[in-house]
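Visitor: The residues making up each chain are set out below.
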Amino acid sequence: MMLYLRLFFEFFKTGLFAVGGGMATLPFLYDISDKTGWFSHAQLADMIAVSESTPGPIGVNMATYVGFTTGGVPGALVATLGLVTPSVIVILIIARVLQSFRQNKYVDAAFYGLRPCSVGLIAAAGILVVRIALFRFDLFSRTGRLLDVFNFKAIVLAAALIVLTRWVKTTKGLHPILFILASAAVGIAFRF
Amino acid sequence: MKKLLQLFVAFARVGVMTFGGGYAMIPMLEREVVEKRGWSSSEEIMDYYAVGQCTPGVIAVNTATFVGYSQAGVPGGIFATLGIIFPSLVIICVIAGILTNFADIPAVKSAFAGVRVCVCVLIFNAVAKLWKGAIKDKAALLLCLVVFVLSVFLDLSPVVYVVFCAAAGILFTQLGVRGK
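Order-wise, the sequence lines are chains S and R.
The opening residue of the first sequence carries number 1 in this note's numbering; numbering runs sequentially from there.
The opening residue of the second sequence carries number 1001 in this note's numbering; numbering runs sequentially from there.
Please keep in mind that the hints were generated in silico from the structure rather than gathered at the bench.
Just so you know, nobody snuck in bad clues.
Partial list, derived from the structure: chain S residues whose beta carbon lies under 10 Å from chain R:
#, residue
1, D34
2, G56
3, N61
4, T165
No farther apart than 30 Å at their CA atoms in a straight line, the calculated lysine-lysine pairs in the BS3-like style are these:
#, chain 1, residue 1, chain 2, residue 2
5, R, K1129, S, K153
6, R, K1129, R, K1180
7, R, K1136, R, K1180
8, S, K153, S, K169
9, S, K172, R, K1129
10, R, K1136, S, K13
11, S, K105, R, K1138
12, R, K1132, S, K13
13, S, K169, R, K1129
14, R, K1132, S, K105
Backbone N, C-alpha and C fix where the C-beta goes; we use that ideal spot for every residue, glycine too.
Could you build the full structure based on these sequences and the hints that come with them?
Guide: See below:
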């Protein structure tokens, strides 16, 4: 019972402070992972991939996945309800005063500060994924060989994906799920 | 009661048909809410969306709550929200349950090692996209860098940065630093 209360509280906090959509919940999920040990950073990276590849908003999918991993089906339900409860309360309040809210100069000024904050927090969470996906600090600490720090196969794949998702005209508009599936295939074929 | 059920079903359909949330949801919302049901106009949807982006929480959920509330008050807001989270709950629980059983197979491990590389790139792309709308002057750039560096090296809750940056945004605007 305590677990479910804690789960609800952690996701309530995430829903209340994550501004800017699904990816903005990421820094909070890493924070939960560090504080509680319910799931590892590597598991979280896998959850992001699954959440991107399945229907539904990413933020909701990630909350459901984390909740399921932590406390089964009831955990999934509790975490997801925790995430959406602050949204529902805040929106129901704002819906009555929609126009004046959008035009309020303090609200506008606060969001001028909040947008760069979201970018910085998401980028920092990205660094955590980069650490486990592109580097092998555990191997390096065992062997002490500097070259072992880099996961070369992964770095080549990352470079290829950046080119394909950002610069190549025919592939850059494709859905992320295709890149995720292709990466899974490359991972199996080249024994990542 | 019939209206509440309609809201639930309409938003469950939006949930099933949207991959990724955010802007990906707009075409589905247009079809279900504007064209098929006439619950809101396209302009209203864009307004809800704009507010949904600058209020806490997942944008898709915020928009669902708005439309539901406009149609059937507080219960409408709640039913629309339950509708949009329902498909995620079912689908993710099934997939998570299956994956947990296969997680130790070497091929599955290799697949996810490859997928994690892709996740890095997807996050990088998300940051690049958000960057354009968020970093419009030097003060915003400074805030973003400070948050990034501190959160890489310190073990603080993200809540601290969010509260600090909202205050800094108001302060910078008052001081006239904004836009320079």
